[in-house]
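Please work from the sequences and hints to get the whole structure.
Protein chains: 2
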Amino acid sequence: MTEDTNQSAPSASPSVDVPPTRVLSIASHVVSGYVGNSVATFVMQLLGLEVCSLNTVQFSNHTGYGKWTGTRIPPSEISELYEGLKANELADFDMLTTGYVPGAEGLEAVGMIAKDLKKTGSVGGGKNMFFWVLDPVMGDSGKLYVSEMVVPVYKSLLPLADLITPNQYEVEWLTDIKLLSPADALTALTHLHATFKTPHIIISSIQSLINQNEYICIGSSMTTDGKPRAFSITVPMLKGPFVGTGDMFASLMVSRFRHAAASAGLLERQSWMSPDEVKAADLPLARAAEKVLASMDKVLKKTGDARDKKVKALDENDEGADAPIKRARYMRAAELRLVQCVEEIQRPVVKYTAKEFHGVA
Amino acid sequence: MTEDTNQSAPSASPSVDVPPTRVLSIASHVVSGYVGNSVATFVMQLLGLEVCSLNTVQFSNHTGYGKWTGTRIPPSEISELYEGLKANELADFDMLTTGYVPGAEGLEAVGMIAKDLKKTGSVGGGKNMFFWVLDPVMGDSGKLYVSEMVVPVYKSLLPLADLITPNQYEVEWLTDIKLLSPADALTALTHLHATFKTPHIIISSIQSLINQNEYICIGSSMTTDGKPRAFSITVPMLKGPFVGTGDMFASLMVSRFRHAAASAGLLERQSWMSPDEVKAADLPLARAAEKVLASMDKVLKKTGDARDKKVKALDENDEGADAPIKRARYMRAAELRLVQCVEEIQRPVVKYTAKEFHGVA
Chain R
1 MTEDTNQSAP
11 SASPSVDVPP
21 TRVLSIASHV
31 VSGYVGNSVA
41 TFVMQLLGLE
51 VCSLNTVQFS
61 NHTGYGKWTG
71 TRIPPSEISE
81 LYEGLKANEL
91 ADFDMLTTGY
101 VPGAEGLEAV
111 GMIAKDLKKT
121 GSVGGGKNMF
131 FWVLDPVMGD
141 SGKLYVSEMV
151 VPVYKSLLPL
161 ADLITPNQYE
171 VEWLTDIKLL
181 SPADALTALT
191 HLHATFKTPH
201 IIISSIQSLI
211 NQNEYICIGS
221 SMTTDGKPRA
231 FSITVPMLKG
241 PFVGTGDMFA
251 SLMVSRFRHA
261 AASAGLLERQ
271 SWMSPDEVKA
281 ADLPLARAAE
291 KVLASMDKVL
301 KKTGDARDKK
311 VKALDENDEG
321 ADAPIKRARY
331 MRAAELRLVQ
341 CVEEIQRPVV
351 KYTAKEFHGV
361 A
Chain W
1 MTEDTNQSAP
11 SASPSVDVPP
21 TRVLSIASHV
31 VSGYVGNSVA
41 TFVMQLLGLE
51 VCSLNTVQFS
61 NHTGYGKWTG
71 TRIPPSEISE
81 LYEGLKANEL
91 ADFDMLTTGY
101 VPGAEGLEAV
111 GMIAKDLKKT
121 GSVGGGKNMF
131 FWVLDPVMGD
141 SGKLYVSEMV
151 VPVYKSLLPL
161 ADLITPNQYE
171 VEWLTDIKLL
181 SPADALTALT
191 HLHATFKTPH
201 IIISSIQSLI
211 NQNEYICIGS
221 SMTTDGKPRA
231 FSITVPMLKG
241 PFVGTGDMFA
251 SLMVSRFRHA
261 AASAGLLERQ
271 SWMSPDEVKA
281 ADLPLARAAE
291 KVLASMDKVL
301 KKTGDARDKK
311 VKALDENDEG
321 ADAPIKRARY
331 MRAAELRLVQ
341 CVEEIQRPVV
351 KYTAKEFHGV
361 A
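Protein chains in written order, with UniProt numbering: chain R, 1 to 361; chain W, 1 to 361.
None of these hints come from the bench; they were simulated from the model.
These numbers were taken from a predicted model, which means no experiment stands behind them.
Some hints here could point you the wrong way.
Same chains, same label: a pair holds when it works inside one copy or across any pair of copies.
What the hints assert, rightly or not - Lysine-lysine pairs mimicking DSS-like chemistry, simulated, CA-CA at most 25 Å apart:
1. K301 with K227
2. K197 with K119
3. K197 with K155
4. K155 with K298
5. K301 with K115
6. K227 with K155
7. K86 with K326
8. K312 with K67
9. K355 with K143
10. K326 with K312
Next comes the structure, spelled out in structure tokens:
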């Protein structure tokens with residue numbers, strides 16, 4: 001980051017001296033509700049990042065409603081917007097974060113941007129300190145959102161990413177390993193580090209195999225010889241489904257990992273790699289994940305409570321409505337309560353802590 | 001607003017019980033920097049509003065840079081996005097705020113949305129309490145940004161607006177009155193209330209005729225017989241130029257006027273009209289404007305200081321750069337410091353207060 005702004009550390013973390021951070025966020029935009037950049041922009045701005053949002057689609061609402069209007073921007077326009085930034089010397093990004101991109105061609109355009117930024121992005125102390133957080137948005141709960149053509153493109157991009165934030169289902173697509181046991185999760189992390197050299201991985205949620213009421217977040221920062229250093233955080237399961245949680249998770253991770261890496265003095269190291277002697281549960285990635293999950297837990301609790309109240313009212317008064325309208329009402333009831341959670345996003349109180357993960361529950 | 005969310009009053013104003021507020025914000029979007037919705041969304045979200053951002057353009061950066069990429073969405077798509085919201089019962093807006101709209105046809109599409117919302121928007125206590133804040137973005141400092149064809153369209157829409165936020169130059173276009181003296185400003189306000197029945201007007205900045213180092217913000221809420229109740233707030237002039245200040249002013253006004261009207265118990269009254277006995281300097285619009293200007297002053301000071309430092313560095317090291325790159329660098333240096341000003345936006349300390357304005361300095 002070359003700009004000499006006098007940005008102070010966000011009030012949320014007064015003890016950490018985080019340098020000004022310029023992030024390019026490539027994801028979808030909806031007019032109403034909270035998915036993609038409509039979640040990520042606010043979350044990252046609230047945590048003090050200078051966010052440049054490049055919207056890959058503009059839809060009236062997310063597609064879970066069943067009906068929506070709006071358009072995707074053509075892949076060529078993703079590239080053109082980036083070229084416009086470059087032409088004005090505005091592409092000196094410290095970080096790139098990418099979410100849902102419609103189609104393989106669009107994803108290839110995003111890949112080209114990432115490659116270019118690896119070469120020309122933020123320069124600190126003579127080295128390019130650019131960092132890419134890639135959320136390989138492909139599907140969830142056994143269902144692909146994207147065409148299968150997208151999967152090999154993601155695989156080709158993983159070696160460029162610094163941190164990936166797949167969910168359980170996406171890990172299975174990327175590794176061809178079914179996550180049926182804790183040991184499988186460790187095998188998948190090992191495979192991802194070894195095959196793609198991705199330095200940091202965090203799997204946002206794996207259904208606990210022991211306790212139906214819990215889920216596990218598993219992360220790992222690899223050592224210099226490409227081995228995993230895995231930790232897990234167990235969190236109570238809240239009654240879903242929610243929409244946009246993957247986007248909230250990823251955008252909180254972008255912000256919190258930047259803070260944690262700054263605290264650990266790692267921003268000048270390639271990919272913010274922790275020295276080999278740092279134990280899994282002491283990783284900056286673990287510190288970040290704890291804060292992220294603390295915020296998530298509070299936001300989802302508030303969202304769930306408000307949704308349940310709303311759904312109860314709907315159940316009592318919805319007799320006359322036809323099925324598509326009912327669906328829209330239930331979808332709306334479940335939208336994230338984001339602007340109501342400024343405090344929860346800014347000042348999470350960590351409750352669930354990371355412990356070293358050895359592939360056993 | 002029909003949704004039963006348990007939104008609390010934003011932490012910024014714990015003493016005011018503002019009901020959940022759903023706002024449709026129609027304006028431009030830039031990937032990098034702060035104009036249009038790229039300012040307004042964050043400001044309004046930070047102040048607790050549920051913001052639905054409909055982006056009329058997506059450009060890489062604002063046009064002041066001289067070069068940019070990206071596209072305007074066709075007017076038909078503005079309408080389609082709105083139809084998508086309606087089809088999902090998502091168009092129950094309490095407020096509409098509109099900024100830059102490219103071209104007369106696009107503005108007509110926006111006008112149709114406003115007309116529809118006047119009929120079908122938020123319903124409180126059996127009445128439609130929908131409120132439109134119209135920023136008639138046409139130009140500034142003697143220069144039109146839009147085609148002249150847009151001017152009559154704005155004039156045709158003013159009778160539908162509840163609050164308009166023109167700058168000095170836009171007032172001149174809307175009234176055909178040159179603002180050469182304080183008396184002219186009062187004449188223009190009188191004309192706007194009488195001709196268009198616009199209940200609330202606030203002219204964001206008029207160059208003081210007495211003191212070069214000051215500008216005046218003049219507002220008025222009309223009485224039941226359409227007469228102005230005008231107040232003025234005198235504020236020190238900060239060395240500009242800045243970009244996006246009109247958008248920041250309007251979005252702060254949306255939030256603060258909603259708060260002030262709630263405090264005064266006016267949200268159930270048509271257009272939040274104050275009873276006739278309320279004096280100009282006691283209007284909720286005046287209370288709102290004081291807070292808006294307090295935030296603006298702080299944000300612009302921080303912006304100006306950071307810019308001056310940056311510009312000094314540029315002046316010393318910019319020898320080799322060609323003119324377009326120099327221009328881009330200076331433009332970037334002057335971008336609003338928005339994410340650095342969360343505190344200033346949330347908790348303004350009022351310094352400049354409203355006094356009754358009689359058309360004399």
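Structure-inconsistent hints, enumerated in ascending order: 1, 4, 5 and 9
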